[in-house]
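*Asks:* Below are the chains, spelled out letter by letter.
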Amino acid sequence: MSLTREQIESIAHLARLELNVTEIPVYQESLSRILDFVGELERADTSGIEPMSHPLPGLSQRLRPDVVTEEDRRELYQANAPRVEAGLYIVPKVIE
Amino acid sequence: MHRRTLAELAAGLRKKEFSSVELTRHYLERIERGQPALNAFVTITREQALAAAEAADRELAAGRGGPLTGVPIVHKDIFCTQGVLTTCASRMLSNFVSPYDATIVAKLKAAGTVMLGKANMDEFAMGSSNETSWYGPVRNPWNPELVPGGSSGGSAAAVAARLAPAATATDTGGSIRQPAALCGVTGIKPTYGRVSRYGMIAFASSLDQGGVITVSAEDAALVLGAMAGFDPQDSTSVDTPVPDYTATLNDSVEGLKIGLLKEFFDKGLDPENEQRVREALAVYERLGARLQEVSLPNLPLSVPTYYVVAPAECSSNLARYDGVRFGYRCENPRDLMDLYKRTRGEGFGAEVKRRIMTGTYVLSAGYYDAYYLKAQKVRQLIARDFERAFQEVDVLIGPTTPTPAFALGAKTSDPITMYLNDIYTIGANLAGLPAISIPCGFVRGLPVGLQIVGRHFAEAKILNVAHVYQRETDWHLRVPPGWA
Numbered sequence: 008m009s010l011t012r013e014q015i016e017s018i019a020h021l022a023r024l025e026l027n028v029t030e031i032p033v034y035q036e037s038l039s040r041i042l043d044f045v046g047e048l049e050r051a052d053t054s055g056i057e058p059m060s061h062p063l064p065g066l067s068q069r070l071r072p073d074v075v076t077e078e079d080r081r082e083l084y085q086a087n088a089p090r091v092e093a094g095l096y097i098v099p100k101v102i103e
Numbered sequence: 006m007h008r009r010t011l012a013e014l015a016a017g018l019r020k021k022e023f024s025s026v027e028l029t030r031h032y033l034e035r036i037e038r039g040q041p042a043l044n045a046f047v048t049i050t051r052e053q054a055l056a057a058a059e060a061a062d063r064e065l066a067a068g069r070g071g072p073l074t075g076v077p078i079v080h081k082d083i084f085c086t087q088g089v090l091t092t093c094a095s096r097m098l099s100n101f102v103s104p105y106d107a108t109i110v111a112k113l114k115a116a117g118t119v120m121l122g123k124a125n126m127d128e129f130a131m132g133s134s135n136e137t138s139w140y141g142p143v144r145n146p147w148n149p150e151l152v153p154g155g156s157s158g159g160s161a162a163a164v165a166a167r168l169a170p171a172a173t174a175t176d177t178g179g180s181i182r183q184p185a186a187l188c189g190v191t192g193i194k195p196t197y198g199r200v201s202r203y204g205m206i207a208f209a210s211s212l213d214q215g216g217v218i219t220v221s222a223e224d225a226a227l228v229l230g231a232m233a234g235f236d237p238q239d240s241t242s243v244d245t246p247v248p249d250y251t252a253t254l255n256d257s258v259e260g261l262k263i264g265l266l267k268e269f270f271d272k273g274l275d276p277e278n279e280q281r282v283r284e285a286l287a288v289y290e291r292l293g294a295r296l297q298e299v300s301l302p303n304l305p306l307s308v309p310t311y312y313v314v315a316p317a318e319c320s321s322n323l324a325r326y327d328g329v330r331f332g333y334r335c336e337n338p339r340d341l342m343d344l345y346k347r348t349r350g351e352g353f354g355a356e357v358k359r360r361i362m363t364g365t366y367v368l369s370a371g372y373y374d375a376y377y378l379k380a381q382k383v384r385q386l387i388a389r390d391f392e393r394a395f396q397e398v399d400v401l402i403g404p405t406t407p408t409p410a411f412a413l414g415a416k417t418s419d420p421i422t423m424y425l426n427d428i429y430t431i432g433a434n435l436a437g438l439p440a441i442s443i444p445c446g447f448v449r450g451l452p453v454g455l456q457i458v459g460r461h462f463a464e465a466k467i468l469n470v471a472h473v474y475q476r477e478t479d480w481h482l483r484v485p486p487g488w489a
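Listed in order, the protein sequences are those of chains B and Z. The numbers in the first sequence follow the numbering used here, run straight up by one, and end at 103. The numbers in the second sequence follow the numbering used here, run straight up by one, and end at 489.
Rather than coming from a laboratory, the hints here were simulated on the basis of the structure. Take the hints with a grain of salt, since some may be wrong.
[Stated by the list, open to error] Take a look, some chain Z residues computed to stay more than 12 Å from chain B by CB distance:
| hint | residue |
| --- | --- |
| 1 | 55 |
| 2 | 350 |
| 3 | 477 |
[Claimed, not checked] Listed below are several chain Z residues computed to face chain B (Cβ distance under 10 Å; list not exhaustive):
| hint | residue |
| --- | --- |
| 4 | 283 |
| 5 | 287 |
| 6 | 305 |
| 7 | 312 |
| 8 | 327 |
| 9 | 330 |
| 10 | 331 |
| 11 | 335 |
| 12 | 365 |
| 13 | 377 |
| 14 | 382 |
| 15 | 407 |
| 16 | 408 |
| 17 | 438 |
[Unchecked claim] For each label pair, taking beta carbons as the anchor points, the in silico distance ranges come out as:
| hint | chain 1 | residue 1 | chain 2 | residue 2 | range |
| --- | --- | --- | --- | --- | --- |
| 18 | B | 101 | Z | 102 | 54 to 62 Å |
| 19 | Z | 421 | B | 70 | 36 to 44 Å |
| 20 | Z | 238 | B | 20 | 17 to 25 Å |
| 21 | B | 61 | Z | 484 | 39 to 47 Å |
| 22 | Z | 40 | B | 78 | 32 to 40 Å |
| 23 | Z | 284 | B | 61 | 19 to 27 Å |
| 24 | Z | 252 | B | 33 | 50 to 58 Å |
| 25 | B | 28 | Z | 302 | 42 to 50 Å |
| 26 | Z | 252 | B | 29 | 56 to 64 Å |
| 27 | B | 75 | Z | 288 | 54 to 62 Å |
| 28 | Z | 51 | B | 29 | 15 to 23 Å |
| 29 | Z | 288 | B | 14 | 29 to 37 Å |
| 30 | B | 78 | Z | 102 | 13 to 21 Å |
Computed from a predicted structure; not experimentally measured. No residue lacks a Cβ here, since even glycine has one placed at the ideal position from N, Cα and C.
Here chain B stands alone, though its shape is the one from the complex (with noise of 0.2 Å):
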């Protein structure tokens, strides 16, 4: 499988990543070759296979009750925010 650098451009952009000029012929080759490489599960025959859902056998995900348990921390929590505003996080205006 070879990828083409539109192809590249585009899941890049699925996944909100800026690449520069020199970073796409890289990831073109390598991602290709990752795609080969995992295409070898194709020949696994897995019919009548349920996929894994859980790492245990058995086991599914637990749910918690549906309550509140956090108290307020947003001012512990904006500490580490890029840019707060009056306890708001600031980001590039969005609607004109």
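Chain B is fixed; fit chain Z onto it per the hints.
*Replies:* Relative to the frame of chain B, chain Z by itself:
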């Protein structure tokens, strides 16, 4: 002091041969001297360590405290540590001071351990050589021109060079066992769900599991006992009692059925590595264990399966890094899309971006069935292979890696060659099984790892099997030249 095992240090603290402050100072000095050569740390927490050591000494003086009180340890920088930089070795989190402790950090703190610092690692735990770190590569204490393995390369190098008696680590496809093997130390990856993942920065959530790197299996039993257990904060944590892992360390292995995985002794295995593993198997035979070859026909598909499942989960988990609420943000974004794209393009390194894109592709419309669903079916086949094998044998033993440590830069240009380094370790992650790597000798002056895989929740058994070997041999006590 640093030539002793963690168990011996803990005993020394109780007998007041030395204080926790003395022990902590000793290791901090070794770390500060070792850091320029090895780069095993992202952060050294000198002040906090000394304060914690003083508190531990007060507990010990009052006759209180548990078996780990006053023992210094290191945390892999993937574990959130309250008030301390937690980077995951990524530029993306290079400014992130965690507002909370990971559960295992809190548990080990409550057990009285003293955190010396945060260990370097592959960025977001994606790598097998510790060369993808934003903070530069870690070097192997046995030879600084070689890699320590990854992703827990800093943890393994720190313990190997005796800069710390133990270091926490994580294992998604071999990230505890492979660096432990390449650095000549002991590393255990428990059963999926045994150790809480709360506050452990996510890479591939159906595979990630926390564990520990130590000098000996006995040390691993002590630390794992304090880390393991049910945590309501982690929805995959399993509510099963934690046994005293030290209680069964000396159980006899007479009559133990050891499975030799046919697929592990393949053409990719360095003949000298194989020789060391066969010598270790002979030790078990001498102790009365029985060897039996078993075959897991789907195991050769474990690496391709992993390189669909893990990138898929990583692309989803790493979507949270958007430059808005925490972490790195690009300069002067034009609009919101530019903010997302440049923040992520600049904040993530090359290998992380490669895995995010691989995952995005295999999950995208039209490809999901062919890749992701197919891989989860093959994963089921691999898990069933292991299940069948464990109906015949008690443990599976084989090599941890195909070769000893390789040179820095040797595999960075070819991702597939790098990925194949985990060919013997990935199976246990796909099936959620516990596994340990212990030193079993040397090839061309470099340590070789022996891997022991057990049934689900059989940590006590694999620690026992590892410990009886370490009673017969002293490979685990060898210290790299220059670090004695």
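*Asks:* List, from low to high, the hint numbers that the structure doesn't satisfy.
*Replies:* Violated: hints 2, 4, 5, 15, 16, 18, 20, 23, 28 and 29.
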